[in-house]
Amino acid sequence: MSSESSMFSHRWLPVLLLAPLMLLIVLFFYVPVFQAFYWSFFLEQPFGGGSEFVGLQNFQRVLSDPEFWGATGRTVIFMLTASSLAVVVPLMLAIAADRKIGMSYPARNILVWPKGIAGASIGVVFAFIFNPFVGLMAPLNSLFPGLWNPGIDGTDAFITLVAAHVWSGIPFNFVILLAGLRSIPPTMYQAAAMDGAGPWRRIFDVQLPLIMPQLFLTFVLEFTESITSVFALIDTITGGGPGGSTTLLVYKIYVDGFRGFDLSGASTQTAILMVFVLILAACQFFFLGRRINYER
Amino acid sequence: MNRFTLAAVAAVMAGAGSAQAANIEFWYGNTGNVEVAIKAQCDAFNASQSEHKVNCVGQGSYEVSMQKAIAAYRAKNHPILIQFFDAGTLDLMLSGAVEPVQDLMPEVKWDSYIAGARAYYETSKGKLFAQPYNSSTLLFYTNKTELEKAGISETPTDWEGIIEAARKLKAAGHACPFVTDGDTWRILEQFSARHGLPIATKHNGYDGLDAEYVINSTFAAKHLANLVEWRKEGLVRLAADTKAGNYTAAFNAGECAMMEQSSGSYAAASKAFDGKYELTVSMAPMYKGYERHNTFVGGASIYIMKGHKQPEIEAAKAFLDFLRKPEQQMSFTAATGYVPVTTDVLDVIAKSDEANSPKYATAKVGVESMNQPATADTRGIRLGFYVQFREVFMEETQKAFAGQQTMQAALDNTKKRGDQLLRRFEQTYKGKQLP
Chain W
1 MSSESSMFSH RWLPVLLLAP LMLLIVLFFY VPVFQAFYWS FFLEQPFGGG
51 SEFVGLQNFQ RVLSDPEFWG ATGRTVIFML TASSLAVVVP LMLAIAADRK
101 IGMSYPARNI LVWPKGIAGA SIGVVFAFIF NPFVGLMAPL NSLFPGLWNP
151 GIDGTDAFIT LVAAHVWSGI PFNFVILLAG LRSIPPTMYQ AAAMDGAGPW
201 RRIFDVQLPL IMPQLFLTFV LEFTESITSV FALIDTITGG GPGGSTTLLV
251 YKIYVDGFRG FDLSGASTQT AILMVFVLIL AACQFFFLGR RINYER
Chain R
1 MNRFTLAAVA AVMAGAGSAQ AANIEFWYGN TGNVEVAIKA QCDAFNASQS
51 EHKVNCVGQG SYEVSMQKAI AAYRAKNHPI LIQFFDAGTL DLMLSGAVEP
101 VQDLMPEVKW DSYIAGARAY YETSKGKLFA QPYNSSTLLF YTNKTELEKA
151 GISETPTDWE GIIEAARKLK AAGHACPFVT DGDTWRILEQ FSARHGLPIA
201 TKHNGYDGLD AEYVINSTFA AKHLANLVEW RKEGLVRLAA DTKAGNYTAA
251 FNAGECAMME QSSGSYAAAS KAFDGKYELT VSMAPMYKGY ERHNTFVGGA
301 SIYIMKGHKQ PEIEAAKAFL DFLRKPEQQM SFTAATGYVP VTTDVLDVIA
351 KSDEANSPKY ATAKVGVESM NQPATADTRG IRLGFYVQFR EVFMEETQKA
401 FAGQQTMQAA LDNTKKRGDQ LLRRFEQTYK GKQLP
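Listed in order, the protein sequences are those of chains W and R.
All residue numbers for the first sequence refer to my numbering, where the first residue is 1 and numbers rise by one.
All residue numbers for the second sequence refer to my numbering, where the first residue is 1 and numbers rise by one.
Treat the hints with caution; some may be incorrect.
Label pairs and their computed distance ranges (CB to CB) [unchecked claim]:
1) W:LYS115 to R:ASN246: 27 to 33 Å
2) W:PRO209 to R:GLN408: 54 to 60 Å
3) W:GLY146 to R:LYS168: 49 to 55 Å
4) W:VAL88 to R:GLN408: 39 to 45 Å
5) R:VAL64 to W:PHE37: 24 to 30 Å
6) W:LEU278 to R:GLN405: 55 to 61 Å
Rough simulated footprint, nothing fancy, chain W against chain R, three-plus residues with beta-carbon under 8 Å [said to hold, decoys possible]:
7) 92-99
8) 168-182
9) 241-255
10) 382-393
11) 422-433
Calculated Cβ distances over 12 Å to all of chain W for the following chain R residues [unchecked claim]:
12) ASN33
13) SER48
14) GLU63
15) PRO106
16) LYS127
17) GLU212
18) VAL214
19) ALA334
20) LYS359
21) LYS364
22) GLU396
23) PHE401
24) GLN405
25) ALA410
Just so you know, these hints were derived from the structure itself, not from any lab.
For every residue, glycine included, the Cβ atom is placed at its ideal position computed from N, Cα and C.
Sequences are here, hints too, so could you generate the full structure?
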């Protein structure tokens, strides 16, 4: 293995090249995060007229608030359902596109396009698709009035949100998984087929074990992403409603902080959420990451 | 050097002698036809004189405007004038970031503001904190054409009448007799005010930061429970029940026959109805047996933010003076349906030959509604973190409308969560007195 610094002869050059990026990360990530942790120990007046150190009182208040646990529960449910589906659906599509079936070549291209659409735009489109009067469900609604209405029924709103999230997750995960599948040497399938393995057998015993690194990557990214990136979808599709049924933690923080001017409460929840995400990622690496064999 | 440059130079030199010229910013939150009217006023101000220039910046909504103002104030980069809505009154009063308009402009005849508008924005010593701008109040709108089709000739004036009319409309096959979005301002605050009911103890917080919500034990709780029942019966519809998905749009399109809505919505409704339906506006409905009190002034007012230099303050004063001019208030009313709240303007309208013109329809009814007998509980709402309380109320009552809990349970929860907000506000502003 060659030395990693062999590309740069000068000692400070890599630092200089990295500096602009590091500066941005410090300014827009570490400073706000530090600020949030700091404020979580204070009662902060919105306009900065004064703040009072209250120790762990904010944490005590947030952790004993049923609304916080409600939002956390919804976040976990969303994480499990939406991010699992957001990996499984692209996985099925990728396996299909990898096989030499009709249309698989154009599908490999078309399925990537939605990557270019911003979350907020997806939200607007899905709000329309799932509209109870003009959307996809409208015919069902005219047969069974009141069957589907995400504006009234919290479960319907949650389903809409999951569907939009899964759809928006397809392109990226599809590309990663398809790349993993394409890199498996065809001789492996041929050998498996010679030994009498059918298509399903080949998927479970050859393909899936060999794309474990890609699957792991998509799962880790999805799990952490689903917690934060869902904001744009909630804001455009449901606004957290009806009745708070789609107020996930990340949206609750926004509402508390920016619409309710509760800077301390929002900061406290941000701190808790960050610790939660860190623990989650750490768990994934500890319990899953170790078992994955990256060598082929 | 052309004439304009000469004029400009002359103006600058003249300005240097007396008050200095200044460019100032004014942040507002409205959109749509109201934004058009605001922009027109800014342009008119800039055209009317050459000394000052106001730059009016739309922020998309009151909340966003406030968020940005908080961030800007902390960064010492804030505008001098900011419009903010009724719910943020106490948050701004205690913020230490604004200067009461009456302190900065003691020479103005603030008495000309009607009592209902003053009470909402003044201190306990009677000093106005903000200059009321786009004032509105809650009115009752009906689609007279649709009502007549169902055999209702008289516009209902009380809830009993509305429900009777709604039943007739439903019997005639109307899918949406009465529509509401269940907004806190409409179904709780204005209802409580005109029925003379308190929203919180200490006269809605006017007498101290240690107030507590009482919404779960007043007659408002009964009304809100009625709304749930009426919705089940198909008489009342929520915004999400309508095809339009938005209750004002549903009313304006003729989908729904009756609604309670701000006077600020009048211009849009009358434009949408033009040639298709006949529109009526009247005071918001009462229950039989209750004495009518005033409705709150809604909409928004303009605050002067601290931390600006004298020339900018002069420019801000000039702009506020301009906005108070009768002809400005009248054209703004005509363009939007917002209500003029100074007696001099109301006099001018009453004396003009357009007194009964539809464009001033809301001015008459709106002021009449705000001028009903007041009590200590109908002055306004002086409760902290009130914007967040509105969110809580909406969330809990939506659950009641969806059948996940009873309305009484929803209101009990709202009170509990609301009181927690009040206690935290009290602690955040510990040691501060209500101005």
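| Measuring from beta carbon to beta carbon, are W:LEU278 and R:GLN405 in 55 to 61 Å? | 36 Å, violated
| said: Just want to verify: R:LYS127 was marked as not at the interface with chain W; is every Cβ pair farther apart than 12 Å? | reply: R:LYS127 clear of chain W: closest Cβ-Cβ about 19 Å, beyond 12 Å.
| request: Mind taking a look at whether chain W covers the region 92-99 of chain R? Criterion is 3 or more residues with CB to CB distance under 8 Å. | output: Since 4 is at least three, the answer is holds.
| query | Taking C-beta pairs only, is R:GLU63 more than 12 Å away from all of chain W? | reply | 5 Å, violated
| query | Within the region 422-433 of chain R, is the number of residues with a Cβ closer than 8 Å to a Cβ of chain W three or more? | reply | Contact hint for the region 422-433 of chain R vs chain W: holds, 5 residues under 8 Å.
| Separation of R:GLU212 from chain W, once the least beta-carbon distance is taken, above 12 Å | 18 Å, holds
| request: May I ask you to check that R:ALA334 keeps its beta-carbon over 12 Å from the closest beta-carbon of chain W? | output: 32 Å, holds
| field | Assertion that R:PHE401 lies farther than 12 Å from chain W (Cβ) | value | 7 Å, violated
| said: Using a Cβ cutoff of 8 Å, are there at least 3 residues of the region 241-255 of chain R near chain W, or does the coverage claim fail? | reply: holds (count 3)
| said: A cut-off of 12 Å on Cβ-Cβ distance, and R:SER48 was said to be off the interface with chain W. Does that hold? | reply: At about 33 Å from chain W, R:SER48 clears the 12 Å cut-off, so the statement holds.
| said: If I take the minimum Cβ distance from R:LYS364 to any residue of chain W, is it greater than 12 Å? | reply: 34 Å, holds
| task | Could you check the hint for me, namely that R:VAL64 and W:PHE37 are 24 to 30 Å apart, CB to CB? | result | 26 Å, holds
In summary, the structure is inconsistent with hints 3, 6, 8, 14, 22, 23, 24 and 25 from the numbered list given earlier, while agreeing with the others.
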